[in-house]
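Colleague: Single-letter residue listing:
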Amino acid sequence: MEQVAELKGRVKALIVRQLKLEIDPASIKDDAPLFGDDPSGLGLDSIDALELVLGIEKEFGIKVQDEEVGVKAFASVNALCEFVESKAA
Amino acid sequence: MNPLREDLPHVYPFRFVERTVEKRGPAEGRVRALVTVNGRRTEGGEALPPLTLVEVVAQAALLLEGGDPGIGRSGFLAGVSDFTFDRTPGSGDLLDVDVRIAGVLGPIVRFEGVVTDGEGRRVCSGAVTVKKGVAA
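In the order they appear, the protein sequences are chains S and B. Under the numbering used here, the first residue of the first sequence is numbered 821, with each subsequent residue one higher. Under the numbering used here, the first residue of the second sequence is numbered 4, with each subsequent residue one higher.
Derived from the structure by calculation, the hints contain no laboratory data. Where hints are given, some of them may not hold.
As the list claims (entries may be wrong) - Computed list of lysine to aspartate or glutamate pairs in EDC-like fashion (alpha-carbon distance at most 16 Å, straight line):
hint, chain 1, residue 1, chain 2, residue 2
1, B, K135, B, E122
2, B, K134, S, D868
3, B, K134, S, E887
4, B, K26, B, D101
5, B, K135, S, D865
6, S, K840, B, D85
7, B, K134, S, E877
8, S, K907, S, E877
9, S, K828, S, E902
10, S, K892, S, D868
11, B, K135, S, E887
Said to hold, decoys possible - Here are some of the chain S residues that sit facing chain B, going by a computed Cβ distance under 8 Å:
hint, residue
12, S866
13, I867
14, A869
15, V873
16, L874
17, I882
18, V884
19, Q885
20, E887
21, G890
Every residue, glycine too, gets a C-beta built ideally from N, C-alpha and C.
Isolated chain B, as found in the complex (with noise of 0.2 Å):
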């Protein structure tokens, strides 16, 4: 078994995030991802659209989490904010997304993510808030 293909609930297409290069504690760290102008991410264009960064963000979460996949499957993303932009990544950026936990209560997790090039410069930061559980 691939275990890629176990550690987050989500699979191609919709799969943005590679794997964790940094573990630095509880749901925080770093993963990589890879734009290419092959992948489903890119919708056919060479860019990655600026929501799919979000997306991004909530994955590399869940990926440093290192949660069941089956228990991921039954949570959902809450919310998204503090969102801005520096730069569209196109096709061939490495992209490093740091994450940390900004705020737990019961189920619901707040992270904030910082996503930069491979040359280090910022592509985009903000949080997106997790509800595990099933959605009311």
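The following block holds chain S by itself, in its conformation from the complex (with noise of 0.2 Å):
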């Protein structure tokens, strides 16, 4: 349990840090959209997307190079934590 409550921290702070949000990590919501126009997402966009590809490449070693995987895998918080445990299981 503490494990993925420490993945998720590394994956929000990953967020705000490559992406220069001037947010609290913690106020992201682990189900919350982070692409779209949903209000209680960020409205991240595909440039961003790519962002977060470099940033998880650089944090975790994993590449993510197929678009549809890094639509599904940037859902939200939740998503991106179940992507990064299944390329390191």
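Combine the two chains into a complex, taking the hints into account.
Modeller: Laid out in structure tokens, this is it:
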């Protein structure tokens, strides 16, 4: 359980750092959509997605080259954590 | 037909790179650019403005990618990041632009570029992000 929380913390910190967002990482909801117009989400766009791809590679050593995989993996913090865990397993 | 006119959508006076001098892989290699006092790129002075260097890196990336100029025309420069400028190149400088792909996600590509002068001194470095396709 602690590992999951730690991973979520790392992922949220990564999102804020990589996208140079001026928000508290803890304010990002685990299941909120990262992309799109949903007011509960971050409203990221496709350019931000590439930033996240580069950040994931740097932070976790995981490459994301397939756009379809990226769309699923970047759906939310929860989805991103599941993706990282699946690649690390 | 002059092949140099067909390898990029950019034409005079907005073409800033001359030719590929080394190809190391897909969109990776070295492109040469020349700063001349006669060139539009110096904007009447003898120095190449820093922002023009950003365009030099973007054009070098596109040239190395070897894409269709028609497709290139429908793409656009989507972002510029981490650029640092060490010196301003002046007329007579021969510039080498080394480019590599830093990341790809679908139609979006990030290129990293390093520009050096004829004596190997760094002129600038940074990254450009290009989105292929029509702007939304």
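Colleague: Is the Cα-Cα distance between B/K135 and S/D865 16 Å or less?
Modeller: holds (15 Å)
Colleague: Holds or violated: S/K892 with S/D868, Cα cutoff 16 Å?
Modeller: Roughly 15 Å separates the two Cα atoms, so the pair holds.
Colleague: Would you mind confirming whether the straight-line C-alpha gap from B/K26 to B/D101 stays at or under 16 Å?
Modeller: Holds: B/K26 and B/D101 sit about 10 Å apart, inside 16 Å.
Colleague: Minimum Cβ distance from S/Q885 to chain B below 8 Å?
Modeller: holds (6 Å)
Colleague: With the threshold set at 16 Å, check whether the alpha-carbon distance from B/K135 to B/E122 stays at or below it.
Modeller: violated (35 Å)
Colleague: For the restraint on S/E887, tell me whether the closest CB of chain B is nearer than 8 Å.
Modeller: holds (3 Å)
Colleague: Go through the hint on S/G890 and say holds or violated, using the shortest Cβ distance to chain B against 8 Å.
Modeller: holds (5 Å)
Colleague: Does S/I882 pass the interface hint, meaning its C-beta sits closer than 8 Å to a C-beta of chain B?
Modeller: violated (12 Å)
Colleague: With chain B as the partner, please determine if S/S866 meets the hint condition of a C-beta pair closer than 8 Å.
Modeller: holds (6 Å)
Colleague: Hint validation: S/A869 versus chain B, beta carbon distance must be below 8 Å. Holds or violated?
Modeller: holds (6 Å)
Colleague: Do the alpha carbons of B/K134 and S/E887 lie within 16 Å of each other, as the hint requires?
Modeller: At roughly 13 Å apart (the allowed maximum being 16 Å), S/E887 and B/K134 satisfy the hint.
Colleague: Can the restraint linking B/K134 and S/E877 be considered satisfied, given a maximum Cα separation of 16 Å?
Modeller: The given pair, whose Cα atoms are some 20 Å apart, is violated under the 16 Å limit.
Violated hints for the displayed structure, listed by number in ascending order: 1, 7 and 17.
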